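*Asks:* Make the full structure from the sequences, and use the hints.
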Amino acid sequence: DAGVTQSPTHLIKTRGQQVTLRCSPKSGHDTVSWYQQALGQGPQFIFQYYEEEERQRGNFPDRFSGHQFPNYSSELNVNALLLGDSALYLCASSSDREGNEQFFGPGTRLTVL
Amino acid sequence: AQSVSQHNHHVILSEAASLELGCNYSYGGTVNLFWYVQYPGQHLQLLLKYFSGDPLVKGIKGFEAEFIKSKFSFNLRKPSVQWSDTAEYFCAVGMISGGSYIPTFGRGTSLIVHP
Numbered sequence: 036d037a038g039v040t041q042s043p044t045h046l047i048k049t050r051g052q053q054v055t056l057r058c059s060p061k062s063g064h065d066t067v068s069w070y071q072q073a074l075g076q077g078p079q080f081i082f083q084y085y086e087e088e089e090r091q092r093g094n095f096p097d098r099f100s101g102h103q104f105p106n107y108s109s110e111l112n113v114n115a116l117l118l119g120d121s122a123l124y125l126c127a128s129s130s131d132r133e134g135n136e137q138f139f140g141p142g143t144r145l146t147v148l
Numbered sequence: 380a381q382s383v384s385q386h387n388h389h390v391i392l393s394e395a396a397s398l399e400l401g402c403n404y405s406y407g408g409t410v411n412l413f414w415y416v417q418y419p420g421q422h423l424q425l426l427l428k429y430f431s432g433d434p435l436v437k438g439i440k441g442f443e444a445e446f447i448k449s450k451f452s453f454n455l456r457k458p459s460v461q462w463s464d465t466a467e468y469f470c471a472v473g474m475i476s477g478g479s480y481i482p483t484f485g486r487g488t489s490l491i492v493h494p
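Protein chains in written order, with this note's numbering: chain A, 36 to 148; chain B, 380 to 494.
None of these hints come from the bench; they were simulated from the model. Just so it is clear, the structure is predicted and the values come from calculations on it, not from any experiment. Please note: incorrect hints may appear among the correct ones.
What the hints assert, rightly or not - Derived BS3-like pairs: lysine-lysine, alpha-carbon spacing no greater than 25 Å straight-line:
no. : chain 1 : residue 1 : chain 2 : residue 2
1   : A       : Lys61     : B       : Lys440
2   : B       : Lys428    : A       : Lys61
3   : B       : Lys428    : B       : Lys448
As the list claims (entries may be wrong) - Taking CB as the label site, the calculated pair distances span:
no. : chain 1 : residue 1 : chain 2 : residue 2 : range
4   : A       : Lys48     : B       : Ser393    : 35 to 45 Å
5   : B       : Ser463    : A       : Asp131    : 28 to 38 Å
6   : B       : Asn387    : A       : Leu74     : 38 to 48 Å
Unchecked claim - So, partial list: chain B residues that the calculated Cβ filter (under 7 Å) puts toward chain A:
no. : residue
7   : Phe469
8   : Arg486
9   : Gly487
Beta carbons are placed, not taken as given, at the ideal position from N, Cα and C, and that holds for glycine.
*Replies:* Given below as structure tokens:
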């Protein structure tokens with residue numbers, strides 16, 4: 036049983052570009068959350084998707100958007116990249132049936148030059 | 380705004396020493412509490428969690444944590460650390476908001492255990 040998978044593992048972009056990160060949840064999970072982890076910091080919540088809709092959002096600008104597909108996989112899109120968007124982006128899946136314990140993927144390391 | 384504070388950012392111990400990492404949160408509502416660990420080169424893994432019941436929770440690898448509601452604290456402990464416990468430790472508090480359930484993470488504590 037595969038856990039949470041994310042792609043790509045690393046990505047280099049330049050300022051102003053757009054990026055799409057992908058996540059496949061753990062089998063049986065229907066909720067996907069995205070986090071940004073800057074160097075030396077804890078994960079910061081971006082948003083959460085459930086039933087293909089954004090259920091909750093953290094304090095991130097509209098440049099950050101997402102999508103959830105019928106198979107529960109998810110994408111995170113970031114437009115107009117800034118240098119400060121360089122970070123590790125984590126996806127976590129969960130299920131209300133399992134008490135909302137978050138299972139994390141390995142992350143995508145985004146570098147903006 | 381809800382927040383989670385981890386008091387120790389860097390901890391260095393020798394093997395067999397005892398460990399206690401502090402975690403406090405600011406939120407007056409119902410919470411679920413977690414400690415995650417991130418070993419070098421690996422992704423975040425759950426150490427232990429508290430939802431309700433006995434406030435003393437036992438997790439994997441000999442770790443335990445105690446929820447003290449009056450102090451808004453959930454400190455992590457281990458009686459005798461090992462070199463393999465070297466990792467980053469994150470406290471997370473799940474706060475129910477708008478019908479959803481969002482964990483807020485502390486900034487983490489880097490633990491180095493010398494053999």
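*Asks:* Now tell me if each hint is right for this structure.
*Replies:* Checked hints:
A hinted pair counts as satisfied when its Cα atoms are at most 25 Å apart, and lysine 61 of chain A with lysine 440 of chain B qualifies at roughly 23 Å. Proximity of lysine 428 of chain B to lysine 61 of chain A is assessed by CA-CA distance (about 19 Å); at most 25 Å being required, the pair is judged to hold. Distance restraint check for lysine 428 of chain B and lysine 448 of chain B: the Cα-Cα separation of roughly 15 Å lies within the 25 Å cut-off, and the hinted pair is therefore satisfied. As the Cβ distance of lysine 48 of chain A to serine 393 of chain B is approximately 43 Å, the hint placing it in 35 to 45 Å holds.
For serine 463 of chain B and aspartate 131 of chain A, the hinted distance range of 28 to 38 Å is satisfied, since their beta carbons lie about 34 Å from each other. For asparagine 387 of chain B and leucine 74 of chain A, the Cβ-Cβ distance of about 18 Å falls outside the hinted range of 38 to 48 Å, so the restraint is violated. Given the 7 Å rule on beta carbons, the hint for phenylalanine 469 of chain B holds: about 5 Å separates it from the nearest Cβ of chain A. Given the 7 Å rule on beta carbons, the hint for arginine 486 of chain B holds: about 5 Å separates it from the nearest Cβ of chain A.
For glycine 487 of chain B, the interface hint holds, the least distance from its beta-carbon to any beta-carbon of chain A being 5 Å, beneath 7 Å.
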